[in-house]
Amino acid sequence: MDYCDAINKLPENSGNSLYGKNYLRTWDMSNEEIISVARGACALKAMRESNVSPKIFDSGVAVSMFSKEDSGMKLAYAAGCDLLGLTIIDMDKKLSNSNINENAAMASYMADTLGVCESDFIEKSSRYIKRVADTVEESKNNGVITDKPCVLNLGSDEDSPVQTIADLQYMAAKFGGIENLKGKKIAVTWAYSPNGTRSLAVPQGLVSLVTRFGMNVVLAAPEGMDLMPGTIERAEKNAEASGGTFAKVSSMEEAVTDAEIIVPINWAPFSFLEKRTELHAANLGTYIDLLEHELRENNKAFIDWEVTEEMMEKTKDGKALLLHDLPADVTDITCIRGEMTAQVYGANLSSLLAEAGMRPYVIAAMIILAKSENPRAAFRTIAERATKRYF
Amino acid sequence: MDYCDAINKLPENSGNSLYGKNYLRTWDMSNEEIISVARGACALKAMRESNVSPKIFDSGVAVSMFSKEDSGMKLAYAAGCDLLGLTIIDMDKKLSNSNINENAAMASYMADTLGVCESDFIEKSSRYIKRVADTVEESKNNGVITDKPCVLNLGSDEDSPVQTIADLQYMAAKFGGIENLKGKKIAVTWAYSPNGTRSLAVPQGLVSLVTRFGMNVVLAAPEGMDLMPGTIERAEKNAEASGGTFAKVSSMEEAVTDAEIIVPINWAPFSFLEKRTELHAANLGTYIDLLEHELRENNKAFIDWEVTEEMMEKTKDGKALLLHDLPADVTDITCIRGEMTAQVYGANLSSLLAEAGMRPYVIAAMIILAKSENPRAAFRTIAERATKRYF
Amino acid sequence: MDYCDAINKLPENSGNSLYGKNYLRTWDMSNEEIISVARGACALKAMRESNVSPKIFDSGVAVSMFSKEDSGMKLAYAAGCDLLGLTIIDMDKKLSNSNINENAAMASYMADTLGVCESDFIEKSSRYIKRVADTVEESKNNGVITDKPCVLNLGSDEDSPVQTIADLQYMAAKFGGIENLKGKKIAVTWAYSPNGTRSLAVPQGLVSLVTRFGMNVVLAAPEGMDLMPGTIERAEKNAEASGGTFAKVSSMEEAVTDAEIIVPINWAPFSFLEKRTELHAANLGTYIDLLEHELRENNKAFIDWEVTEEMMEKTKDGKALLLHDLPADVTDITCIRGEMTAQVYGANLSSLLAEAGMRPYVIAAMIILAKSENPRAAFRTIAERATKRYF
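Chains F, A and R, in that order, are what the protein sequence lines are. Residue 1 is where the first sequence starts when you use this note's numbering, and the numbers rise one by one after that. Residue 1 is where the second sequence starts when you use this note's numbering, and the numbers rise one by one after that. Residue 1 is where the third sequence starts when you use this note's numbering, and the numbers rise one by one after that.
If you are wondering where the hints come from, they were derived from the structure by calculation, not from laboratory data. It should be emphasised that the depicted structure is a prediction, and the values quoted were computed from it without experimental measurement. Among the hints, a few may not be true.
All copies of an identical chain are treated as equivalent in the list; a pair is satisfied when it fits inside any one copy or across any two copies.
Unchecked claim - Cross-link-like lysine to aspartate or glutamate pairs, in silico, EDC-like; alpha carbons within 16 Å at most: (1) K68 <-> D90; (2) K388 <-> E373; (3) K174 <-> E236; (4) K55 <-> E123.
Kindly produce the complete structure, drawing on both the sequences and the hints.
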């Protein structure tokens with residue numbers, strides 16, 4: 001692929017509204033900004049395939065603040081930052097840490113990016129990430145730091161912009177461009193997992209994002225598996241504005257029928273997450289265990305929410321594109337019954353891995369767009385310099 | 001700021017007495033050496049602000065050996081090393097590890113620096129750091145290693161040279177030069193913290209260092225909150241030699257009155273630390289808990305050793321420079337009663353963060369001075385090369 | 001040392017049979033391939049000593065997957081990868097992790113190398129490393145990844161190729177060339193350790209490797225301290241083919257008599273490891289503890305299998321080269337009775353450390369040979385470029 005096309009469409013100078021910005025939620029970004037990130041990622045991937053190094057930092061630090069282990073996103077962040085020449089430093093800080101401002105400010109001294117992943121607590125998680133971003137802003141305004149690091153949400157209670165933009169770009173690549181996603185049916189469907197306590201970030205983020213590009217979006221979930229208040233309204237509004245549609249149904253089968261893209265994904269209901277956040281704030285660990293146990297017991301009623309080969313048959317021409325943010329809970333591989341069967345997983349594994357492989361490029365593109373006043377020129381310099389990544 | 005001035009005053013060739021040296025305690029360094037580190041840090045900060053990269057290593061390893069988590073200093077070390085092109089490798093080794101020589105030697109094979117932080121055990125901690133340094137020296141002498149890594153004390157039972165030189169340079173920047181610190185009153189004062197078990201490294205290191213530059217130093221602490229034997233004598237001798245003064249008082253109020261710089265800081269009394277070291281050696285964990293509990297109970301008598309706005313009022317023009325090595329224990333933010341009130345903390349936060357922000361530059365300067373035979377030429381090469389840190 | 005000689009003997013183009021390969025066991029490699037790795041390591045060491053940087057990657061990721069802590073090999077991997085310009089990312093994955101394929105594939109997206117250390121489970125460990133390698137291969141074939149990372153076995157149940165090739169090259173350097181090892185007597189001898197549960201990788205790997213270069217190899221162990229089935233047969237076959245000899249004896253004294261190289265090393269008998277693997281698979285943790293306790297009790301019968309000064313006296317001219325993969329269990333230093341006395345350890349420490357110091361170069365050489373189509377040209381480019389590692 002020729003990456004010059006993508007580069008020529010990147011914003012320059014005053015056109016770069018992402019300069020100096022953070023990435024907290026896609027719904028704080030314009031469509032044009034989202035497309036710029038996707039284009040940047042696309043160009044970076046093509047460069048990699050041509051052994052061209054996009055290292056724009058001679059030195060620099062990328063701090064990662066994960067409240068719990070997430071190997072996939074952590075690796076993606078590390079790989080994306082390394083591509084640009086940044087060194088990864090882990091600063092494992094929990095939400096419970098009392099002095100967030102101080103921690104965030106300390107992390108930001110010499111950091112070029114702060115990647116934050118904190119998804120366990122409804123509202124608190126978002127507020128935490130926001131507070132990190134605000135502290136960094138203040139430090140910059142007060143002259144404490146010279147360069148303002150870019151804050152990246154790598155997964156919160158609300159959204160996971162790296163994952164969803166990676167998915168958008170991955171679909172775009174499959175269907176020949178973001179504009180071609182218009183009118184395509186995508187099913188985002190709850191799926192059974194014995195774990196059952198996953199965050200809402202990805203399903204919420206997906207229906208909030210893809211409805212902006214004219215897709216026909218169907219969200220399917222069993223009764224009571226609600227997302228955060230406001231999500232459905234946002235999706236509906238987006239769909240209307242973009243000329244797409246949005247529907248919520250309570251059957252996986254209905255959702256996937258004739259879909260061109262399906263996204264089976266387990267999540268915990270909002271009411272459970274809210275309750276768990278309360279118990280956590282009250283230091284009632286034992287009751288959290290009980291609450292989680294009850295959720296898992298209840299979920300057993302929905303053990304048939306599994307993507308099987310029969311389910312795949314119902315999709316458009318029986319060959320919908322299957323997306324998942326990984327790790328997936330796979331029947332017979334990671335558990336007795338999961339989100340999809342081993343056959344479905346096996347048949348789609350290469351594609352799932354390629355999908356996940358978009359994340360480092362999205363992260364790197366986000367950083368360049370936030371740190372370069374003129375990203376088009378920065379990418380051109382990279383392309384012209386054509387430094388080999390290795391020899 | 002023009003950094004060429006600072007560079008022109010750096011030592012060259014045989015004038016660089018720091019070449020091949022380690023940094024264990026400031027009182028093993030000459031005033032000129034300390035000033036060189038401060039100058040180097042100052043030049044590096046100015047370079048950063050001009051987007052000039054001081055990367056002098058094409059590749060290389062900075063090993064960090066922290067006996068317990070200290071995010072602030074660990075990040076500072078990582079950031080300072082990264083600035084020079086070194087990769088950070090964590091080698092979390094405890095003092096209890098039986099074969100220190102082997103560990104230290106293994107760490108030093110390909111390392112350019114070894115940053116060691118071990119502060120819990122009176123005398124043992126220093127001996128540990130010293131043993132690491134000695135092992136490295138032997139490995140060099142025996143031809144086991146080609147390049148001798150520089151050993152940095154990032155915090156021991158005795159001293160924290162990175163912190164104290166960073167503070168010295170920060171004060172110097174505020175008052176227009178180290179020479180202008182002469183005659184300024186600085187109060188290093190014990191302050192209450194519910195934790196109460198912090199090491200003596202910073203208060204000891206500070207009174208040992210700043211007395212060498214003609215300052216009028218007052219150390220304040222409640223009865224019995226003693227530092228290590230020899231500290232007071234050292235401070236007195238230094239003050240006399242430098243034309244400054246040193247006094248020990250038992251009232252925070254008295255100490256801060258008319259002070260131009262105040263440093264509220266909690267520490268555990270020497271007698272407690274000595275006792276804890278004994279119990280630890282005897283594997284009496286339960287009694288350590290009890291000992292710490294007793295200390296905390298006793299400390300409650302000194303809950304008023306807190307920097308309040310009223311206390312600040314008593315300082316010179318009511319606006320003394322407030323220093324702290326962070327994290328601070330702040331009333332209403334991190335605890336119910338702490339070293340300072342939230343108001344005092346809030347009003348001084350930008351400055352506290354800027355103070356902490358000096359540490360990576362001090363570390364980087366220490367490394368260049370220890371690794372370059374001719375640091376003045378090395379800095380000049382950096383300045384002339386003027387590689388942009390990022391574009 | 002002039003490194004050009006070594007470079008001129010490296011393979012080029014179609015002659016590089018290691019291109020695109022992994023390093024799982026030395027017995028999957030030809031003698032010529034092993035010698036190429038040793039030569040590459042030798043050249044890299046000489047470059048380091050001349051301050052020449054072999055950084056061939058402008059950016060890139062080296063993932064490390066250690067199932068348990070091994071500071072020595074982990075540091076060696078980090079140092080070796082850093083030398084080439086790769087950033088180390090830790091991905092601590094246990095064998096118990098259910099979805100190895102997904103983990104391995106995720107790790108390989110943007111990785112240039114995957115260093116895997118997993119030695120606890122007989123057969124399972126090797127199968128695990130093999131599966132990582134196979135997954136990477138598949139990902140490459142399916143177009144999921146652009147560059148295939150090189151998989152390095154950093155220690156399995158079967159072999160530890162980095163350690164053994166480092167030892168081979170270290171001996172070669174001591175005796176003036178690999179060809180000079182022919183006819184030299186080497187004793188690989190079991191030695192007592194209070195721990196007693198070490199893996200078979202190093203003793204198996206050593207007798208499998210050094211028998212290929214015409215050495216007179218004696219393996220000594222108490223009755224019942226068996227290696228994996230097939231090891232003795234492999235060693236015998238190798239010895240015959242290379243014009244060397246191989247003998248198994250049950251006395252340390254007999255083994256070390258007149259030996260020019262001795263390798264005291266503790267290992268657990270194969271039958272114990274097999275049993276432990278079974279118990280582990282059955283989730284019978286308590287019985288594993290019991291099994292290990294029994295082994296340690298039984299081992300006490302062999303407490304005299306210790307390299308003492310008297311034992312050293314029996315070696316050729318009383319001054320055999322002592323090898324150990326470190327950390328060693330040393331009497332009076334790390335334990336009450338161990339593999340060797342403190343005197344023997346002390347007298348040989350510099351050499352032991354220098355031996356361990358070969359590992360980073362072996363790792364770096366392995367990577368260059370697997371990633372460069374034409375390693376001779378790559379090394380020549382490095383030599384001609386002559387970039388200083390630091391100034």
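Taking the hints in turn, this is what the structure says about them:
1. K68 <-> D90: Classified as both; 12 Å inside a copy, 15 Å across copies.
2. K388 <-> E373: between (25 Å within a copy, 15 Å between copies)
3. K174 <-> E236: For K174 and E236, the Cα distance exceeds 16 Å both inside one copy (25 Å) and across copies (56 Å).
4. K55 <-> E123: neither (36 Å within a copy, 42 Å between copies)
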